[in-house]
Amino acid sequence: MNTWIAIGLTAVGCYAVKLAGLLVPAGAMERPFVRRLAALLPVALLAALTAQQTFADGHALVLDARVAGLGAAAVALLLRAPFLLVVAAAVVVTAGVRAMGG
Amino acid sequence: MAQQTARADTTADDTDKPDRAVVRDALGVGVAVGLSGFAFGVTSAGSGLGLLQTCVLSLLVFTGASQFALVGALAAGGSPFTAAAGAFFLGVRNAFYGLRLSHLLALPRAVRPLAAQWVIDETTAVTLAQPTRRARRIGFTVTGLTLYVLWNLTTLLGALGAKAIGDTRAWGLDAAGPAVFLALLAPMLRTATERAVAGLAVLLGLGLLPVLPAGAPVLVAALAAPIALVTEGPRVGRGRRAAGAAEGTRGADGPTKPKEDR
Chain A
1 MNTWIAIGLT
11 AVGCYAVKLA
21 GLLVPAGAME
31 RPFVRRLAAL
41 LPVALLAALT
51 AQQTFADGHA
61 LVLDARVAGL
71 GAAAVALLLR
81 APFLLVVAAA
91 VVVTAGVRAM
101 GG
Chain B
103 MAQQTARADT
113 TADDTDKPDR
123 AVVRDALGVG
133 VAVGLSGFAF
143 GVTSAGSGLG
153 LLQTCVLSLL
163 VFTGASQFAL
173 VGALAAGGSP
183 FTAAAGAFFL
193 GVRNAFYGLR
203 LSHLLALPRA
213 VRPLAAQWVI
223 DETTAVTLAQ
233 PTRRARRIGF
243 TVTGLTLYVL
253 WNLTTLLGAL
263 GAKAIGDTRA
273 WGLDAAGPAV
283 FLALLAPMLR
293 TATERAVAGL
303 AVLLGLGLLP
313 VLPAGAPVLV
323 AALAAPIALV
333 TEGPRVGRGR
343 RAAGAAEGTR
353 GADGPTKPKE
363 DR
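Chains as they are written, first to last, in this note's numbering: chain A, 1 to 102; chain B, 103 to 364.
Hints in this document: simulated from the structure, not taken from any laboratory. There's no promise every hint is true.
Okay, the calculated beta carbon distance ranges per label pair [what the hints assert, rightly or not]:
no.	chain 1	residue 1	chain 2	residue 2	range
1	A	VAL62	B	PHE183	21 to 29 angstroms
2	A	PHE33	B	PRO120	34 to 42 angstroms
3	B	ALA266	A	VAL92	18 to 26 angstroms
No experiment lies behind these values; they were computed from the predicted model shown. The C-beta atom is built at its ideal place from N, Cα and C for all residues, glycine as well.
Please build the complete structure, drawing on both the sequences and the hints.
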C-alpha cells in the first residue's frame with residue numbers, strides 16, 4: 001500500500017509540473033533573463049544528474065566501473081558517434097570492467 | 103573556438119533541414135532511451151516493486167530520473183512521502199523544459215494536457231536542436247511517441263526478465279542512465295557560460311550528495327544557472343542579448359548545434 005501511495009503522489013506531482021511549464025503564459029519568455037535561465041537550467045540539471053548517477057552510491061561518492069563506462073561514452077561523443085552507440089559503449093565498458101573485477 | 107564558429111555557420115544552412123533527418127534524429131534518441139527503459143524495469147522489479155507497479159510508473163510518471171529515484175528510495179526503506187518528494191524534486195526540471203518548449207512549439211491549448219506527459223529531457227533536447235518550428239514539432243512528436251511506446255514496452259520486458267538477468271549491475275545497465283544524460287548534455291556545452299554552469303552544477307550535485315536528502319542536491323545544483331547569469335552580468339549580457347535578437351529575426355530561439363550525429 002505504501003508503494004502505491006508513493007507511486008500515486010509521484011505520478012500526480014510529476015504530471016502537474018510538466019503541465020505547469022506548458023501553461024505558463026508565453027509572455028514570461030519574452031524577458032531575456034528568463035529566456036537565458038530556461039536555456040541554462042537543463043545544462044545544470046543534466047550535468048548534476050550525470051555526475052550523481054556516475055559517482056553516487058546512496059549518499060556516498062564512489063569510483064567504480066561506471067566511471068570507465070562514462071569515460072567511454074565521453075570518448076564516443078567526442079568521436080561524434082550516434083546516440084545509441086554512446087549508450088552502448090557505456091553499458092558494455094561498465095559490464096566489461098565489472099567482469100574483470102573492477 | 104574555430105570549431106564553434108564553424109558550427110554556428112552550419113546552423114544557418116540547417117534551416118531547411120529535411121523532415122527525414124529530423125525523424126532520424128528523433129528515432130535515434132527514442133530507440134537509445136528504450137535501453138534505459140529495460141534497465142528501469144529490471145531495477146524496479148529488483149527493488150521489490152510488482153509488475154503492475156513498475157508498469158504504472160512508466161505509464162504515468164514517464165520521467166526516467168524520477169522513476170529511478172523513486173524505486174531506489176523505496177528499496178532503501180524510505181517512507182512513501184520522502185521517496186515521492188525526491189522523485190518530484192527531480193521532476194521539477196520538466197516544468198522549466200515546458201516553459202521553453204511552449205514558446206518553441208506554440209501548441210494549441212487543447213493539445214497541451216496531452217503533450218505535457220512527453221515533456222522530458224530527451225524530447226526537450228531533440229526539440230531544441232531543430233532549426234524551424236515545423237522541425238521542432240516533428241522532433242517533439244516523433245521522439246515523444248517513440249520513447250513513450252518503447253519505454254513502456256521495455257519496462258514491461260525488463261520487469262518480466264529481471265529474474266533471468268539477475269544482477270543488472272553485472273550487465274553494466276546502471277551506466278545507461280548517466281550515459282543518456284551525458285549524451286543529451288554534450289551538445290548544450292557550446293560556450294564558456296554553459297561549461298561553467300555544468301561544472302558548478304557537478305560540484306554542487308556531488309558535494310551536497312552526502313548531506314542533503316535524495317533529490318535535493320540536484321535541485322540545489324540547478325542554482326548554478328542563475329548564479330552564472332548573475333555573475334555573467336551586464337559585461338557579456340549586453341552582447342548576448344544583441345546576439346539573441348539577431349537569432350530571433352531568423353526565427354531560431356538561440357544557437358542550436360546541428361544534430362547530424364544522432
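Against the structure, the hints:
1. VAL62(A) x PHE183(B): 21 to 29 angstroms: holds, 28 angstroms
2. PHE33(A) x PRO120(B): 34 to 42 angstroms: holds, 35 angstroms
3. ALA266(B) x VAL92(A): 18 to 26 angstroms: Once the Cβ atoms are compared, 19 angstroms apart, the range 18 to 26 angstroms for VAL92(A) and ALA266(B) holds.
Checked against the numbered hints above, the structure breaks none of them.
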